Amino acid sequence: MADKVTNILLAGVGGQGILLASEVLSEVMMLAGYDVKKNEIHGMSQRGGSVVSHVRFGKEVFSPIIPEGEADVLFGFELLETYRYLPLLAGHGSVIANRLRLMPPSVSIGVQEYPANLEERIKAQVDKSYIVDGLVLALQAGDARTINTVLLGALSTMFNVDEKLWSEALEKMVPPKTLEQNLKAFELGKANCG
Amino acid sequence: MKREILSGNEAIARGAYEAGVRVACAYPGTPSTEILENTVQYASIDSSWAPNEKVALEVGIGSCFGGARSLVAMKHVGVNVAADPLFTLAYTGVKGGLVLAVADDPELHSSQNEQDSRHYARAAKVPMFEPSDSQEALEFTRLGFEVSEKFDKPIFVRTTTRISHSKSIVTPGEPVTGLPTPALEKNPPKFVMLPGNARKRHYVVEEQLQALEEWACTQSFNRVEERSSKVGVITAGIAYQYTREVLPDASVLKLGMVYPLPKQLIRDFAAKYETLYVIEELEPFIEEQVQAMGIKVIGKERLSICGELTPGRVSKALLDQEAPVHYAPEIELPPRPPNMCPGCPHRGVFYALNRLKAFVTGDIGCYTLGFMPPLSAMDTCVCMGASVGNATGLNKVIEGEDKQKIVGVIGDSTFLHTGINGLMDMVYNNSTATLIILDNRITAMTGRQENPSSGFTLSGEPSPVVDLEQLCRSVGVKHVRVADPWDLDGTRGIIKEEMERKETSVVITRGPCVLIKRDLGQHKTPLVIDPDKCTGCKACLRIGCPAIEWQADEGKAHVNELLCVGCGICEQLCKFEAFSTISDKGGK
Chain W
1 MADKVTNILL
11 AGVGGQGILL
21 ASEVLSEVMM
31 LAGYDVKKNE
41 IHGMSQRGGS
51 VVSHVRFGKE
61 VFSPIIPEGE
71 ADVLFGFELL
81 ETYRYLPLLA
91 GHGSVIANRL
101 RLMPPSVSIG
111 VQEYPANLEE
121 RIKAQVDKSY
131 IVDGLVLALQ
141 AGDARTINTV
151 LLGALSTMFN
161 VDEKLWSEAL
171 EKMVPPKTLE
181 QNLKAFELGK
191 ANCG
Chain G
1 MKREILSGNE
11 AIARGAYEAG
21 VRVACAYPGT
31 PSTEILENTV
41 QYASIDSSWA
51 PNEKVALEVG
61 IGSCFGGARS
71 LVAMKHVGVN
81 VAADPLFTLA
91 YTGVKGGLVL
101 AVADDPELHS
111 SQNEQDSRHY
121 ARAAKVPMFE
131 PSDSQEALEF
141 TRLGFEVSEK
151 FDKPIFVRTT
161 TRISHSKSIV
171 TPGEPVTGLP
181 TPALEKNPPK
191 FVMLPGNARK
201 RHYVVEEQLQ
211 ALEEWACTQS
221 FNRVEERSSK
231 VGVITAGIAY
241 QYTREVLPDA
251 SVLKLGMVYP
261 LPKQLIRDFA
271 AKYETLYVIE
281 ELEPFIEEQV
291 QAMGIKVIGK
301 ERLSICGELT
311 PGRVSKALLD
321 QEAPVHYAPE
331 IELPPRPPNM
341 CPGCPHRGVF
351 YALNRLKAFV
361 TGDIGCYTLG
371 FMPPLSAMDT
381 CVCMGASVGN
391 ATGLNKVIEG
401 EDKQKIVGVI
411 GDSTFLHTGI
421 NGLMDMVYNN
431 STATLIILDN
441 RITAMTGRQE
451 NPSSGFTLSG
461 EPSPVVDLEQ
471 LCRSVGVKHV
481 RVADPWDLDG
491 TRGIIKEEME
501 RKETSVVITR
511 GPCVLIKRDL
521 GQHKTPLVID
531 PDKCTGCKAC
541 LRIGCPAIEW
551 QADEGKAHVN
561 ELLCVGCGIC
571 EQLCKFEAFS
581 TISDKGGK
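Chains W and G, in that order, give the protein sequences. Just so you know, we're using our numbering here: the first sequence kicks off at 1 and counts up by one. Just so you know, we're using our numbering here: the second sequence kicks off at 1 and counts up by one.
Treat each hint with caution, since some may be false.
[What the hints assert, rightly or not] Residues from chain W shown here face chain G by an in silico Cβ test under 10 angstroms; the list is partial:
hint	residue
1	Gly15
2	Ser50
3	Glu68
4	Glu81
5	Pro87
6	Tyr114
7	Gly142
8	Thr157
9	Val161
10	Leu165
11	Leu179
12	Leu183
[Stated by the list, open to error] If you want the ones that stay clear, here's a sample from chain W, every Cβ over 10 angstroms from chain G, calculated:
hint	residue
13	Ser26
14	Ser63
15	Phe159
Source of the hints: derived by calculation from the structure; they are not laboratory data. Remember, predicted model here, so these are calculated numbers, not experimental data. Ideal Cβ positions, reconstructed from N, Cα and C, are used throughout, including at glycine.
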């Protein structure tokens, strides 16, 4: 992973805290000494639309968006949104997906159905795919709102980065009152990615 | 050395701070909004929201004439509004440096068109820097103030969405010191643009541009990167990053200033390469000027004028290489467009307009989403404030029953931006159209910024509130009514009566945005649906609330209590009394 740029695509639904998760990831990789770029589209994010965030790190990063078909990790916060962004994944890429289904508008109003068996589909198509029980683990950590930290813990198993940097970044970016729960959530995610 | 990860917008704010800026002014607009949200973090900068971009620029011009360095920020379409002062500011020049940060939106991520602001630089004769990452956004903004004063010109710093909202590593610098204290200066030949003075200033404008172009040929912001390949590329901004990604061996003339172009530098560079590309987003702005110099380049014959560039699109256009697709969904997926929030005060208004079969001239804001099914109650959307004039114009030509169906819909912030002028016209010229002002007490779409009717300034200080009813009455509207948008029957009744009225009328639907932080305490208990009472009639689905989910297997509706804020609109549509609040049932 030394000189080559690593590409992480975060995908989910507006309001799930994807931007904060990508901030933490970027901070960790900057602290680890990498060049880092990240990008996402603001504006519509709080209105329940599909949201992606691109994070790239390595010796020198040029484009802030991941070249098509070159995401090393597709990091999904919701199953449908994970599945939607499969075309951006590299051939050797991995998927880490949260076990969560959120209804898009056409499903809510009964015009379309939420696709069935998405977990199975993802696993059948991508060899290296991991489904994380984000909410269950977050509740174990003591607060449903630590779900993103659980997912970051799972993601952290993909990289060879000093663990202290993750706790340092979390300390800087989560509310002090919730730090202990977040650190616990991170550990739970890390231990349960598989 | 301290390193930080900053967005392009944060870096522009930091650059302004380091340049000693005293005044920053803007109207919010994606993707430029965060510039002012960050300048306000610096105590040395007086940061404020103006009602529109023209006022923002005029405020900036005033403080610049007083000798203070001033930053004005807006999105691309904001420059259309600010164009009037801009073109003449180019003649007066500056006293304190003035930088206009403009953020374009190729691909229309959150805009109504994808116009290319570089044409404004040329048309208004205002030099333009274009950064390619956050470090350059900081440096070019800071440098922009020096260049502004050195050449007596306002300066554009142009970004695009992928620069404004991308974060990259920045090493900040120290703020400058020793700038002159602002003072009044009478200098009519420079500041009073009557024909006699302006005629003379036009010569100055042309001389300065020539001098600036020659100077820019020698500056490091325009640089040549020589590499092994026989291909040469002229590029700027985000396109530079895609060039490096896709053509790593190409030599590059990387332009930091895209207007005026450094012609001598371009000639020298072009002479060395057999194949020359111009890689730029949107218009062939650089390409056509280079062609006009008699140099053959390849550009828009391969790269699209429409949409943004990506590494894959550049690769496909120039190398004929399709981006690889290793995995793809094997079934059709339901789309996930943005939607009005649960509890949004706009939802009930659009439901009423849908039921009344109104023809709705719309405007720019969250409420533009009212065009989507199932509300489907917006029929036009052109630009900020256009709903009012559009309604007046339609009302002039449509006769019979349809004449009274014409309703303009505009948000409070958009009304104060450029809607009030249209309302004066509506009254003055005896239109019988109806205008609805969706007063949610905030500029919601861009992320909840304060405005003259919200009661607070950008820095969070309380301020006087524009009284919308009095404002409408003062321009001559005789019929101004206020409706509670969460009361479906009440709102529909008022809108119906005013649509039927053969005079100009205004309905103000008043309810705060559910995302305003200071009002979040007003959220009510979520509702629940009693499955025994729900008949599966789907009436509650007609408002398209994200908190109500159709359960196809049970044939019943269900409320997602994590999303529901208890606004109660759905409850008013249910004929079977299936809705209740959780507390009514004595807990879950």
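A quick look at each hint next to the structure:
1. Hint status for Gly15 (chain W): holds, given a least beta-carbon distance of 9 angstroms to chain G, under 10 angstroms.
2. Because the closest C-beta pair between Ser50 (chain W) and chain G is about 4 angstroms apart, less than 10 angstroms, the hint holds.
3. The closest approach between the C-beta of Glu68 (chain W) and any C-beta of chain G is roughly 3 angstroms, which is under the 10 angstroms cut-off, so the hint is satisfied.
4. With 10 angstroms as the threshold, the beta carbon of Glu81 (chain W) comes within range of chain G, its nearest partner Cβ sitting at about 7 angstroms, so the hint holds.
5. For the restraint placing Pro87 (chain W) at the interface with chain G, the shortest Cβ-Cβ distance is roughly 5 angstroms, inside the 10 angstroms limit, so the hint holds.
6. Given hint, Tyr114 (chain W) at the interface with chain G, holds; its Cβ is 7 angstroms from that chain's nearest Cβ, closer than 10 angstroms.
7. With a cut of 10 angstroms, the hint placing Gly142 (chain W) at the interface with chain G is violated, because the nearest CB-to-CB distance is about 18 angstroms.
8. Contact between Thr157 (chain W) and chain G, as hinted, is not supported at the beta carbon level, the nearest pair being about 21 angstroms apart and thus beyond 10 angstroms.
9. Hint status for Val161 (chain W): violated, given a least beta-carbon distance of 16 angstroms to chain G, over 10 angstroms.
10. At about 14 angstroms, the closest approach between the beta carbon of Leu165 (chain W) and any beta carbon in chain G exceeds 10 angstroms, and the interface hint on this residue is violated.
11. Hint on Leu179 (chain W) is violated. Least Cβ distance to chain G is approximately 21 angstroms, over the 10 angstroms limit.
12. Hint status for Leu183 (chain W) relative to chain G: violated, with the closest Cβ pair at about 22 angstroms, above 10 angstroms.
13. A beta-carbon of chain G comes within 10 angstroms of the beta-carbon of Ser26 (chain W); the shortest separation is about 5 angstroms.
14. The beta carbon of Ser63 (chain W) sits about 5 angstroms from the closest Cβ of chain G, which is not more than 10 angstroms, so the claim that it is off the interface is violated.
15. Distance to chain G confirms Phe159 (chain W) as a non-interface residue, since its nearest Cβ pair spans about 17 angstroms, more than 10 angstroms.
This entry does not satisfy hints 7, 8, 9, 10, 11, 12, 13, 14, going by the numbered hints stated previously.
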